[in-house]
Amino acid sequence: MSKPVKKTAWWNNAHNRAIMFQVLLAAGVVLFFFYIGKNALHNLEQRGITTGFNFLKQKAGFGIIQHLIPYDESNTYGRTFIVGLLNTILVSVLGIICATILGFLVGVSRLSSNWLISKIAAVYIEIFRNLPLLLQIFFWYFAVLRTLPSARNSLHVGNWAFLNIRGIYVPRPVYEPGFGWVVTAFCISLVLIFILRSWAKKRQEQTGQQFPVFLTSLGLLICLPGIVYFATSTPLHWEMPKLKGFNFRGGLTIIPELAALLLALTIYTASLIAEIVRSGILSVSHGQTEAAHALGLRPTKTLQLVIIPQAMRVIIPQMTSQYLNLVKNSSLATAIGYPDLVSVFAGTTLNQAGQAIEIIAMTMGVYLTLSLSISFLMNWYNARSMLKER
Amino acid sequence: MKKMSFIMVAAFLMISASLAAAGTLQDVQKRGQLVCGVSTGLPGFSATDEKGVWKGLDVDGCKAVAAAVLGDASKIKYVPLNSKERFTALQSGEIDVLVRGTTWTLHRDTALGLNFAGTNYYDGQGFMVRKSLGIKSAKELDGASFCIDAGTTTELNLADYFTEHKMKYDAVVFDTHDGTLQGFEAGRCDCLTSDQSQLYGLRTHLKDPSSAVVLPDVISKEPLGPVVRQGDDEWFNIVRWTFFAMLNAEEMGVTSANVDSMKSSKKPAIRRLLGLEGDKGTSLHLADDWSYQVIKQVGNYGEIFERNVGMSSPLKIARGLNALWNNGGIQYAPPMH
Numbered sequence: 001m002s003k004p005v006k007k008t009a010w011w012n013n014a015h016n017r018a019i020m021f022q023v024l025l026a027a028g029v030v031l032f033f034f035y036i037g038k039n040a041l042h043n044l045e046q047r048g049i050t051t052g053f054n055f056l057k058q059k060a061g062f063g064i065i066q067h068l069i070p071y072d073e074s075n076t077y078g079r080t081f082i083v084g085l086l087n088t089i090l091v092s093v094l095g096i097i098c099a100t101i102l103g104f105l106v107g108v109s110r111l112s113s114n115w116l117i118s119k120i121a122a123v124y125i126e127i128f129r130n131l132p133l134l135l136q137i138f139f140w141y142f143a144v145l146r147t148l149p150s151a152r153n154s155l156h157v158g159n160w161a162f163l164n165i166r167g168i169y170v171p172r173p174v175y176e177p178g179f180g181w182v183v184t185a186f187c188i189s190l191v192l193i194f195i196l197r198s199w200a201k202k203r204q205e206q207t208g209q210q211f212p213v214f215l216t217s218l219g220l221l222i223c224l225p226g227i228v229y230f231a232t233s234t235p236l237h238w239e240m241p242k243l244k245g246f247n248f249r250g251g252l253t254i255i256p257e258l259a260a261l262l263l264a265l266t267i268y269t270a271s272l273i274a275e276i277v278r279s280g281i282l283s284v285s286h287g288q289t290e291a292a293h294a295l296g297l298r299p300t301k302t303l304q305l306v307i308i309p310q311a312m313r314v315i316i317p318q319m320t321s322q323y324l325n326l327v328k329n330s331s332l333a334t335a336i337g338y339p340d341l342v343s344v345f346a347g348t349t350l351n352q353a354g355q356a357i358e359i360i361a362m363t364m365g366v367y368l369t370l371s372l373s374i375s376f377l378m379n380w381y382n383a384r385s386m387l388k389e390r
Numbered sequence: 391m392k393k394m395s396f397i398m399v400a401a402f403l404m405i406s407a408s409l410a411a412a413g414t415l416q417d418v419q420k421r422g423q424l425v426c427g428v429s430t431g432l433p434g435f436s437a438t439d440e441k442g443v444w445k446g447l448d449v450d451g452c453k454a455v456a457a458a459v460l461g462d463a464s465k466i467k468y469v470p471l472n473s474k475e476r477f478t479a480l481q482s483g484e485i486d487v488l489v490r491g492t493t494w495t496l497h498r499d500t501a502l503g504l505n506f507a508g509t510n511y512y513d514g515q516g517f518m519v520r521k522s523l524g525i526k527s528a529k530e531l532d533g534a535s536f537c538i539d540a541g542t543t544t545e546l547n548l549a550d551y552f553t554e555h556k557m558k559y560d561a562v563v564f565d566t567h568d569g570t571l572q573g574f575e576a577g578r579c580d581c582l583t584s585d586q587s588q589l590y591g592l593r594t595h596l597k598d599p600s601s602a603v604v605l606p607d608v609i610s611k612e613p614l615g616p617v618v619r620q621g622d623d624e625w626f627n628i629v630r631w632t633f634f635a636m637l638n639a640e641e642m643g644v645t646s647a648n649v650d651s652m653k654s655s656k657k658p659a660i661r662r663l664l665g666l667e668g669d670k671g672t673s674l675h676l677a678d679d680w681s682y683q684v685i686k687q688v689g690n691y692g693e694i695f696e697r698n699v700g701m702s703s704p705l706k707i708a709r710g711l712n713a714l715w716n717n718g719g720i721q722y723a724p725p726m727h
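Those protein sequences? They're chains U and H, same order as listed. Reading the first sequence from the start, the letters are residues 1 to 390 in the working numbering. Reading the second sequence from the start, the letters are residues 391 to 727 in the working numbering.
Keep in mind that the hints were calculated from the coordinates and are not lab data. It cannot be assumed that every hint is accurate.
[Claimed, not checked] Derived DSBU-like pairs: lysine-lysine, alpha-carbon spacing no greater than 35 Å straight-line:
no. : chain 1 : residue 1 : chain 2 : residue 2
1   : U       : Lys57     : U       : Lys301
2   : U       : Lys59     : H       : Lys526
3   : H       : Lys521    : U       : Lys242
4   : U       : Lys57     : H       : Lys597
5   : U       : Lys242    : H       : Lys467
6   : H       : Lys656    : U       : Lys57
7   : U       : Lys328    : H       : Lys467
8   : U       : Lys244    : H       : Lys526
9   : H       : Lys611    : U       : Lys57
10  : H       : Lys445    : U       : Lys244
11  : U       : Lys59     : H       : Lys597
Excised from the complex, chain H in its bound form (with noise of 0.2 Å):
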C-alpha cells in the first residue's frame, strides 16, 4: 500500500487542481528552483556520491536546464522516482522535468500527455548473466528467469524476443533498480535485463563486478531522452533547445573550460551559440546567455558523457550511437540560426 500512496496523491492532485496547461518556465522562475524528477539511483546517470550530491548524465540534464532558465545550475530539487512513478509525477505537475532513461515511444508521447524533448543517450536493451553460466548469446537463454524493473519498455521487448524465437522465460518484476540487482545477485535469476547503459552501471554495484557479463546482443531502440508535459510548447522548446545547444557546442569546439575565450570568436555559429549576436534568448524568452551559461556551468556534450558515463568514469562505455554525426554517431543538433 505505502507504494502506491505517491502514485494516488499525485493522481489526486490531477483530479482536484485546476492545473493550468501553460507556463512552467513561469512558475520555475518564480519559484526561483527547477523541479526534476531523476531515478531512484542509477550509476552514471542518475545517482547520488558519497556525500550525498546527485550525480549522473541525467542530472547533468537537469543542471543544463536549471542554468539555461534561472543562470543558475545548483537550483534544483530532485525528485527521485521509480519507473512506475514517472509519468505521474509529470502529469500531475509534482516535476517539472523527467530526465530518468526513459524510452520514446508512439504510446508514450501520445496517450498520455507528454512530450519527449530530445535523445540524450541513445540505448539497446540488453542482457547481463553470470559468467559462471558460460553464456555466449542471447538465444542461448530459453527458460531462463529474468530480473527486471517493473513498468518499463523492457518487459515489453523481453516477452517480444522470446515470443518471436519461440523461446520460454520467466519474469521477476521488481519495483526499483536496487531490488532488481539484489534479486540478479542472490541468484534468483539466471540473468539482469534492461537497457544495456544500466547493465553497465548496475554491474558496477555488485559485490564482483567480474562475476558478470553483458551479451553482446542488444534486442531493441531505446532512445532515452527528457519528458515535458504536453501543451506547453514554450516550455518544450527550452528543454529541446538546451540540449541541442549542448550538441552544437561540442560539434563547434566549445567546452566549459575555453567558453570565455570562444567569446572573442569571430565564427558567426560561435557568436549565436554564445548569444553574442542573432536571435540570442528572446523566442525562448530566457536570458541572452542562457546558452552560454550552460556551456559554462554544466558542459557540452561530448564533456558530460566522458565525465559520468565514458571512459573517463568507471561505466567505460563507447560513444557508439551517441556520437555525434560527424564522428560516427547519430547525435545532431538543427543549427541555431
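Okay, chain U solo, but in the shape it has when bound (with noise of 0.2 Å):
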C-alpha cells in the first residue's frame, strides 16, 4: 500500500535547488574569470604588451650554471623552463630524501632513554624549527662558504675528490658499451630479492621458521653485478676532475648553491619531521609496547612490528605537508643563486622575455602540479597504511 506522494514544484525539491545553485554558482566564477582574462588582454593590447607564447621558441642567449639536460646560449626559453624544473625537481627530491631519514633518526633519538642523545636531539629540534629558512640558507651558503678555501688549495681526499668555494668536485663515471649488462644483473637481482622475500615470508607463515633475508639479499645485490662487472672486463672508468686555470675541469661537479639549499631545507624540514615523529609514535599507547615484551620481541622488533605500523597513521598525513612545504620552500633558491625554476624561469627568463603574466602563470601552473602529485602519492601511501578494518 503506498500512500499518496503530495506533488511539490521542482523549484521547491531540495536535490533540484542544490544542483541549481550549484551551476549558478560555477557559471558565475567561470564568467569571473573570462572578465578579467578579457580585461587583461585588452590592457596588454592597449599598452602595446606582448602576448601569447611565442616568446617560449625564441632564443635565450644566457648560461645556466647548473643544467641536467644539455643546454647552452643557443637554446630556447622553453628549454630554460625545463631546466629550472629539472633543477627544481632535484632539489625537492633529494630534500625530502634526506630530510625524511634526518628527520626519523632525530625523531626516534627525541624519545631515547638515553638523556644525552635525547637532549641533543631536543636542542636540534628547537634551534633549526625556531629560525626563519631564509636565514638558514643565508648562513649554510655565505657563512659556510667563506670559511672553504680557493680552488689552487681545495681540500681533497686523495687525488679524486675535492672541496672548494666552487664545489664539490667528484669523479665522473663514464660508461663503455659493456656497463648494460651489469645494470641488467642489477634488475635481476632486484627481482629475485623481491622472489626471496615473499617466500620467506609465507615459509614464516606456514612453519614459523625464519630466514635471514637481509643478509642474503645484500649478498645478491653486490655479487651478481660484481661477477658480470668483472666478467665483461670492467666496463666503467672514472673521469677525474683535474685542476686547469681558474678551476677543476672534468669530473662531477656538486655546486655550492645546491648543497647549501639542500642543507638548509633538510635540515630545517627534517626538524619538523622529527616532532610528527615523535607525536606519532606516543600516539600508541604504552600498552602495546608492554605487550609486544610481554611476547617475547625484542625492542627493535617492538618498534618495527608494532610501534612503527601504527604510528605510520599519525605520520603520513602530516609529512605529506611537510613535503609540499620544502617543495614550495625550495623557491628561495633564488637568494642565492641556485638556478630553480623561479630563478632562471620567473627570473631572468621572465626579466628578458618580459611576459610577466604568462611566465608567472606557467610558474604557478608547476607547483601547483608537483603539490597535487605529492599529495595524490602520500595520500594513496596513507589509504594503503591505514588501519584495515574489517
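Grab the two chains, each in its own frame, and use the hints to assemble them into the complex.
Below is the structure:
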C-alpha cells in the first residue's frame, strides 16, 4: 500500500535546488575569470605589451650554471623552463629523501631513554625549527662558504675528490658499451630479492621458521652485478677532476648553491618531521609496547613490527604537508643563486622576455602540479597503510 | 615564493584594474606625490645614506621630475625594485616613472609597453676581479665564474662575449646587488660583471676596496635612462624634457647657485629655459617655472653628476661619454624653443 505522494514544484525540491545553485555558482566563477582574462588581454594590447606563448620558441641567450639536460646560450626560453623545472625537482626530491631520513633519526632519538641523545635531539629541533628558513639558507651559503679554501688550495681526499669554495668535485663515471649487462644483472638481483622475500614471508607464516632475508639480499645485490662487472672486463672508468686555470675541469661538480640549499632545506624540514615522528610514536599507547615485550619481542622488533606501523597512520598525513612545504620552500633558492625554476624562468627569462602573466602562470602551474602529485602519492600511500577495518 | 609575490601582485593588478593608459600627470598632481622606482641600493645612483635618505644620480632624476610637476623635489615616494620586478611594477601602474639604471634596448622599448625618455648615463659592461689573480684583460677570463644580477642585459652580453671569443664561463645569478657582491666577496666567483659605473659603486662597499680591480675592457653599450609607460605621451614629454632642461642648463652655465641671478639675464635662450618667455610650461601642461624649479631644487646635469658619481663623490668616475657634446662627450639636448 503506498501513500499518495504530495506533489511539489520542481524548484522546491531540495535536490534540484542544490543543483541549481551549484550551476549558478559555477557559471559565476567562469564568467568572472572570462571577464578578468578579457580585461587583461585588452589592457595588454592597449599598452602595446606582447602576449602569447611564442616567446618560448625564442633564443634565450644566457647561461645557466647547472643543467641536468644539455643546455647552452643558443637554446630557447622553452628549454630554460625545462632546465629550471628539473633543477627544482632535483633539489626537492633530494631534500625530501634526506629530510625524511634525518627527521626519523632525530625523532626516534628524541624519545631515546639515553639522556644525552634525547637532549641533543631536543636542542637540534628547537634551534632549527624556530629560525626562519631564509636565514638558514644564507647561513649555510655565505657563512659556511667563506670558510672554504680557494680552488688552488682545495681540501682533497686522495687525488679524486676536492672541496673548495666553487663546489664539490668528484670523479664522473664514464660508461662503456658492456655496462648494460651490469645494469641488467642489478635488475635481475632486485627481482630475485623480491621473490626471496615473499617466499620467506610465506614460509614464516606457515612454519614459523625465519630466513636471514636482509643478509642474503645484500649479498645478492653486491655479488651478482659484481661478477658480471668483472666478467665483461670492467666496462666503467672514472673521469677525474683536474685543476686547470681558474678551476677544476672534468669530473662531476656539485655547486655550492645546491649544497647549501639542500642542507638548509633538509635540516629545517627534518626538525619539523622529527616532531611529527615523535607525536606519531607517542600516539601508540604504551600498553602496546608492554604487550609486545610480554610476547618476547626484542625492542628493535617491537619498534619495527608494532609501534612504527601504527604510528605511520598518524605520521603520513602530516608528512605530506611537510613535503609540500619543502617543494615550495625550494623557491627561496633565488636568494643564493641556485638556478631553480623561480630563479631561471620566473627570474631571468621573465625579465628578458618581459611576459609576466604567462610566465608567472606557468610557474604557478608547475608548483600546483608538483604539489598535487605529491599529495596524490601520499594519499595513496596513506590509504594503503591505514588501519584495515574488517 | 616570497620573491615572487611582488610580481604576482603586480601581474594581478594588471589583470584586474581597468587601467587608463593616459593621465599619469593628473594622477601625480592629484596624489601630490611622485612614485618613483629606484634600485634596491646602488651607491652613486640610488641608495639610502646613514639617515635613510635616498641619494644618487637616478634619485636626482626622480627629484627633477617631482620638482617640474609638483614644484617640490621632496614629494616623492621611492619604491626600491630589483631588476626582475622593475618592468612589471611600471607596467602595472605601481610606479609613475622608473629611474633605475635600465638599459635601453629594442625589445624593452617595443614589446614591453614601455618608452625610454632619454639617456641619463651612458654606460658599458665591465669586469671587476680580485687583484690577487693578476689579470689584466677580459680575454684571460676563460673558465672563470661570474657573479651577476638576475634579469639584466649583463647576462646576455656575457653569453655573447664568451661565445664570440670561444671561451667557457659559469654564471652565478643573484637577485640583488647585495647578494652579487657578497658572492664575489666570499670568493664564490672570480669576477663580478655589471655596468662599469655599478662596479665602481659596488667596489666602495667591499670590506677592502683595494683588493679588487676594474678591468679596462668594456664589452657592451649600456645607455641607461628613465622609463615610462607607453601610450601616455604627455607624461613621456614631461620626463624627457625635464632631463633635457638639466642638460641645457649645464650647457648655458645655469646652476642651482646662480639660477636666481640668471633670471635677469638678457640671453633669449636662458630666458626661455627659465620659463620667462616663449612657450613656458603651456605645451607640457606644467607651471611656467617648471624648469626653474628643477634647476633650483636639484641642479643642472653637471652638478648632479659631480655630486653623485663624479670626482667629488667616492666613486670618482670621469665624465667620459657623459660630458656634454661640446666637451668631448655625447650628452646632447635639443634646444628649448
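Taking the hints in turn, this is what the structure says about them:
As the CA atoms of lysine 57 of chain U and lysine 301 of chain U are separated by approximately 58 Å, the hinted pair breaks the 35 Å bound. Pair hint lysine 59 of chain U plus lysine 526 of chain H holds up; C-alpha atoms about 32 Å apart against a cutoff of 35 Å. Simply put, lysine 521 of chain H and lysine 242 of chain U have alpha-carbon atoms about 24 Å apart, close enough for the 35 Å limit, and the pair holds. A distance of roughly 44 Å separates the Cα atoms of lysine 57 of chain U and lysine 597 of chain H; the hinted pair therefore is violated under the 35 Å criterion.
Proximity of lysine 242 of chain U to lysine 467 of chain H is assessed by CA-CA distance (about 53 Å); at most 35 Å being required, the pair is judged violated. Pair hint lysine 656 of chain H plus lysine 57 of chain U does not hold up; C-alpha atoms about 61 Å apart against a cutoff of 35 Å. A distance of roughly 33 Å separates the Cα atoms of lysine 328 of chain U and lysine 467 of chain H; the hinted pair therefore holds under the 35 Å criterion. A hinted pair counts as satisfied when its Cα atoms are at most 35 Å apart, and lysine 244 of chain U with lysine 526 of chain H qualifies at roughly 19 Å.
With a C-alpha separation of about 26 Å, the suggested pairing of lysine 611 of chain H with lysine 57 of chain U holds against the 35 Å cut-off. For the proposed pair lysine 445 of chain H and lysine 244 of chain U, the alpha carbon gap of about 44 Å is over 35 Å, so the pair is violated. Pair hint lysine 59 of chain U plus lysine 597 of chain H does not hold up; C-alpha atoms about 39 Å apart against a cutoff of 35 Å.
Figure legend: structure checked against the earlier numbered hints; hints not met, in rising order: 1, 4, 5, 6, 10, 11.
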